[in-house]
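Student: Those sequence lines, one after another, are chains A and B.
Per my numbering, the very first residue in the first sequence carries number 1381; after that it's consecutive.
Per my numbering, the very first residue in the second sequence carries number 1381; after that it's consecutive.
Worth flagging that the hints you see were computed from the coordinates, not collected in a lab.
No copy is singled out in the list; a pair is fine if it fits within one copy or between any two copies.
Simulated pairs of lysine to any residue, SDA-like, Cα-Cα distance not exceeding 25 angstroms:
#1 K1888 - S1876
#2 K1501 - K1823
#3 K1501 - R1746
#4 K1914 - E1557
#5 K1823 - D1450
#6 K1823 - P1447
Computed from a predicted model, the values in this text were never measured in an experiment.
Number of protein chains: 2
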Amino acid sequence: MHSGFADYCCRKRTLPQTGKGLVMDVAAGTESSAARRRERGGRTARREQREHSSQGLGRPYIVRNIPAYDVLSEENLVRIEETADRILEEIGIEFRDDAQALEHWKRAGARVDGVLVRFEKGLLRDILKTAPASFTQHARNPARSVEIGGRSVVFSPAYGSPFVMDLDRGRRYGTIEDFRNFVKLAQSSPWLHHSGGTICEPVDVPVNKRHLDMVYAHIRYSDRAFMGSVTAEDRAEDSIAMARIVFGERFTEENCVILGNVNVNSPLVWDGTMTLALRAYARANQAAVIVPFILGGAMGPVTNAGAIAQSLAETMAGCALTQLERPGAPVIFGNFLSSMSLRSGSPTFGTPEPAIGSMVVGQLARRLGLPLRCSGNFTTSKLPDAHAMNEGTMSMLAAVHCGANFILHSAGFLDGLLSMSYEKFVMDADFCGALHTYLDGVKVDDNQLALDAFREVGPGNHFFGSAHTLANYETAFWDSGIADNDSFEKWEAAGSEDAATRANRRWKRALAEYQPPPLDEAIDDALQDFIAKKKADAPDAWY
Amino acid sequence: MHSGFADYCCRKRTLPQTGKGLVMDVAAGTESSAARRRERGGRTARREQREHSSQGLGRPYIVRNIPAYDVLSEENLVRIEETADRILEEIGIEFRDDAQALEHWKRAGARVDGVLVRFEKGLLRDILKTAPASFTQHARNPARSVEIGGRSVVFSPAYGSPFVMDLDRGRRYGTIEDFRNFVKLAQSSPWLHHSGGTICEPVDVPVNKRHLDMVYAHIRYSDRAFMGSVTAEDRAEDSIAMARIVFGERFTEENCVILGNVNVNSPLVWDGTMTLALRAYARANQAAVIVPFILGGAMGPVTNAGAIAQSLAETMAGCALTQLERPGAPVIFGNFLSSMSLRSGSPTFGTPEPAIGSMVVGQLARRLGLPLRCSGNFTTSKLPDAHAMNEGTMSMLAAVHCGANFILHSAGFLDGLLSMSYEKFVMDADFCGALHTYLDGVKVDDNQLALDAFREVGPGNHFFGSAHTLANYETAFWDSGIADNDSFEKWEAAGSEDAATRANRRWKRALAEYQPPPLDEAIDDALQDFIAKKKADAPDAWY
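So here's chain A without its partners, still in its complex pose (with noise of 0.2 angstroms):
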């Protein structure tokens, strides 16, 4: 197995420092890709540092400067924990089909009646105290790691669309070809932090291999983190070992390199193929993000209140579950509150309900100090329409608003998750982009108050050209690639076109102009070894 980035980071010390060129390198790319543009010469990594730099490298994740929105008092809250804490001690909560979480359970105290568990006040709080209030997950490109935890904010793609839909072509099945464009797009965005997972659902790929495909298209095209599969324990078991192919056995043994997202089976159960996953994740030293998702009437009662006490219970059972498997291991305090049409019967996504009960579940997250994923950019709409952006944006501000540290479903989320659209992807992406603005919140200092630009301009007159504005205007203004800000007759002669049609032009652009970041040969060929002998020990199977 090749020794990859562990390896490259412990070379990197040792190394001489040349000047600029390797710095700049350093931040685009592996040690190794930057040693061969050394040697093809100075005018083609002058292009491809400019190709980087016009895909614009943006920040490796946001820090938060304004404080999460805390809606509820100390009151409210601790009768949520403790309804949580009376369903994990009097109704508990059944894992099936895993043995050896059962066995886990039994150790640390639970009481166990069959699949049944239930817990005594406080043990799950306890066995939580292992887990790391933050972490960070690596990315093969050091530049793009992203810390999960604290004030840190990280962006990434929707997860898990059997469909995805653009304007050209309509609805469709997912295939390999989509999914490694939706991983390029995402590279291409300088909003956008992290690569994602089950970005779509590749069908044209037997289900069995799909993981090994998925997991292949991050790395190839991404230089940025991201999640490995959790569809079955073998699944996520060569997740965590192409992983250890990019980034060395030792260095994954000891750092997060790779996210698995698993699910409740809400209400109250635990199903084996997730605490395997879990577990497998978890054993690795590799993040497990824990989300319920529950439908409230459905999988939950219709009441917030009732659907976050369970959210909590169920959550911090999971997050106690990989304490257990490896005490210590990062783990994701994870969440997916939704409501229904209770004319219909649907689903309904980015509805205000789950939105305020985002707030919610952030300051329960935050009192138990662990990392939070929540909410996101969610909608029912089947377009990239007036509908979709106004359920995904107040969704989307739930998101920050609530202190989540890892956004998923950031962009492309569309018809409550069956699809993922191109339009919305880079709606979203761009969206994504006004948040690093405005999660910087309102700086203060001399330069900002801008007393002397007063005394320069005076009453009635403007600040255009004043020494204030010349010298501050470059960095004075988030500047979206999709709103459309002339006047309404030079918009009218230029077309009348409307958002999704300029997001349309937007995303094939970005595909045109995609680049590759590079990646080192020897840790491509092993990868593809790898991906060949797995397959080629398995006939496909399509379930």
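Could you slot chain B onto chain A? The hints should help.
Tutor: Using the frame of chain A, we list chain B on its own:
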């Protein structure tokens, strides 16, 4: 002049309580119209009652159940306040073309030098102590009076567009028919609380007579609170005179029944047109809304903290002037921050800087103890598309998060306020509905926590038919009238409509089904006489 509303209020107290019917009627109209309905017999009354109920009366205003979102530290708030104080003391504000305003300032102890007024630190804050922290604006239907201040939130339509727009006819200049249509649409929505002011400019009516037709339309086609003209002192006086016809002289003298929205000529200039109007409202004990419009980089610095300090200085001066005109007059601390595109120089609306800046403005207004108008549903989009609702939703959420009590521009705003959109109006009103649910927050009590439901359902089962779901589902979730939550297949079979197309159908239906609220005939006659006389007294003017 007709005794109108005040007499109604006095008489009401002496009326015998004749049972449930009267209570319902009082909620739906004035006592005299209720009496007329009783005379016409039960069947008509019941039909009218149903119609009112099908229009959904909603709540008169929102009492928020979540706190405002405070993003800035005490230390930084103080720095902004100190900067505002230094702007006021060292640079000053010009008050042009209003000798009486300068007289007020002299008497109050400000330093007046020509039209430039400078204010010693603390002077304006002292003057502002007489301004009420909260007040009631009365509607002619007392069930629709609104509280402005404290935890109240009042949604009012957009204000001031020369153009209107709909999907059928595109963009065109607004007419008095459009104006009436928007008053009717606002009246039909259960999610708006206020009829607004210059919803669009009725350009088919002479400039010097528009205010008469606009104020009449608010009174005739709505029974909610409304705003009057500010474009000239006599137009402000006319607006207030018309309010007196409706509410009575004495009642109007003692209560707020009309608002006037006045703008600072930023930076640091109050022109006479605005201060004369401002003083006219204050003199009549009616509320002025004091609003600097600051486009960062043009009428203020490009940096947010400086623009906020300027806004605070300008607003404090305007608010204080109302108190010098009449101590104790209601006044609203207003604000309109915006940014611009530094590529094109175009103004931008609904961007992240003003959104996050609104939170700080809210903190500053609360420290002054004044009711707040801030933000709204802003966008530069020329269509009711994804761009419009992305910017509009972020901006509108900023308004409710920052603690704004009176939210002008809650519905219809398009193209940087150059157009009122019929479709966006109903979309935005629908979003105002969602915000009712959102601002209710997460309620915590035994029913909401639903512990019994978990006992009933247990692990792995569904909550669909549980006793708790059956008892709560009717009030459980926000039910949007614009979102399409159906399956893709059902949506496709129904014509694959986008949200704008659904909104187009919805405003047409609302206008077709619109029923004017009852208006006392004597009041109507008196208003029409007043208008006829005013129109006859002056030749038409188009400037």
